[in-house]
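J.: Reading the sequence shown from the start, the letters are residues 63 to 472 in the working numbering.
Among these hints, one or two may not hold up.
Stated by the list, open to error - Restricting the straight-line Cα-Cα distance to at most 30 Å, the calculated cross-link-like pairs of lysine-lysine (DSSO-like) are:
id, residue 1, residue 2
1, 350, 281
2, 350, 332
3, 350, 339
Quick caveat, the hints were computed from the structure, so don't treat them as lab data.
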Amino acid sequence: MQEIKHGALTKTPAEIYDQTADGNRLTDGVRNKRQIINAKSMIQQQSGAGCDVVHKIFADQIAGVENLQNSLPFVKAVIRRHAKVPCIILYDDQQMQDILRFCCPLVTCLSTVLSFDKTFNLGQANVTLAVYKNLSVYRRTTNKHPVFCEPMFLHWEPDVTTFFTFFHHLKGQMILSQGNENQTLPVLGSDEEKAMRIALAKAFPDTQRLACVPHIEAKLLGFMQDKIGMLQNQRRQLKFQLFQLVTSALDYIDLIDSLCDFESKITQKKLADHIKKRIHPLLVESKKAIQKPDLDNTNPLWMNNCCESGNHILKQAVSWKSQKLVDLIHKLHSVVQRQFKELRRALTDAGEFVLCPDFAKFKISRNVWLNLEQKQKLNKNIKNFHVHFSELCPQQRWTKSIKRTKAWWT
63 MQEIKHGALT KTPAEIYDQT ADGNRLTDGV RNKRQIINAK SMIQQQSGAG
113 CDVVHKIFAD QIAGVENLQN SLPFVKAVIR RHAKVPCIIL YDDQQMQDIL
163 RFCCPLVTCL STVLSFDKTF NLGQANVTLA VYKNLSVYRR TTNKHPVFCE
213 PMFLHWEPDV TTFFTFFHHL KGQMILSQGN ENQTLPVLGS DEEKAMRIAL
263 AKAFPDTQRL ACVPHIEAKL LGFMQDKIGM LQNQRRQLKF QLFQLVTSAL
313 DYIDLIDSLC DFESKITQKK LADHIKKRIH PLLVESKKAI QKPDLDNTNP
363 LWMNNCCESG NHILKQAVSW KSQKLVDLIH KLHSVVQRQF KELRRALTDA
413 GEFVLCPDFA KFKISRNVWL NLEQKQKLNK NIKNFHVHFS ELCPQQRWTK
463 SIKRTKAWWT
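Could you put together the complete structure from these sequences and hints?
T.: Right, dumping it as structure tokens:
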């Protein structure tokens with residue numbers, strides 16, 4: 063055992079085993095390598111060895127990210143806080159421009175939801191991802207707008223303060239980059255994660271927010287099963303009745319009345335209080351947000367599917383394997399670069415995307431594209447494509463003007 067203690071910090075288990083098992087020294091009691099591995103691990107834990115090594119490796123990774131910030135514009139901020147692990151904010155300038163034109167467009171233009179979700183297993187850090195639907199193109203195979211990955215946030219603590227750091231940074235950049243005072247506020251979507259929603263409300267107090275209905279349903283079913291002890295058919299019936307109110311309500315005011323009436327008929331006080339305090343505000347807030355007349359998604363039972371798609375894209379990029387911090391940032395950057403390259407290929411009617419009717423005027427003949435010199439490829443036509451808004455159809459414009467008039471009179 064003395065030899066194991068002396069060699070625990072400098073030698074491998076195999077080297078220690080060879081020394082202790084040398085000759086016929088069976089009286090030492092060493093039976094196999096596993097015994098030495100266990101003893102070495104226990105000695106290192108008691109002495110604190112290995113902790114310094116882990117901390118040094120992690121510190122080297124953070125230092126590598128800070129060095130990367132000087133050469134890669136994609137690394138926008140490395141935020142250090144007292145007694146907290148640094149947070150990292152990642153995005154390109156074109157991503158912020160696209161948030162403004164698709165999520166905060168002019169009052170006469172179509173908009174889409176800016177959604178957030180946290181994903182795991184990409185590396186040591188959690189990755190909170192923002193996504194939106196790119197309204198300038200359709201995917202050829204589905205004829206639907208593709209999901210684009212937007213700013214990403216690498217963090218370790220999923221608390222309100224940490225999320226607020228990210229959202230406040232985004233809001234500041236959106237305000238500074240906003241080129242027209244007539245641009246609208248975004249509609250923000252997320253799962254029913256309490257810390258994230260509180261941070262969103264604090265950072266964007268004037269915006270409307272959506273909550274993912276399937277997550278609300280799952281939390282409600284879990285509460286009825288674990289806290290109330292309701293039978294399965296009772297849980298399903300109550301869930302159906304509750305969310306039927308959401309789809310049948312004409313507007314959020316009608317929904318408030320329906321929910322209050324529904325809650326008054328529930329006999330279990332604990333369940334009624336839970337629905338009133340936790341479910342009711344989320345459903346009303348989402349109903350109000352989904353009524354925005356220029357929004358591309360009008361489903362009253364909104365689902366955060368775009369973030370699920372974005373998480374799948376990121377996990378494919380890392381081949382479902384955990385990455386070191388710097389390697390992860392490079393792979394996330396390659397995802398962003400790839401999506402914009404594919405977007406520009408659509409200008410020549412090639413690749414996975416095809417231009418939407420509002421953007422068809424920016425189409426470039428492949429022959430013309432091939433004849434352009436490298437410096438001329440980013441010409442005026444392509445630059446205009448990257449700042450063009452998706453126009454509302456006449457019916458949408460009329461509906462929006464009516465709703466704005468009603469809101470003004472009230």
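J.: Which numbered conditions among the earlier hints are violated in the structure presented, ordered from lowest to highest?
T.: none
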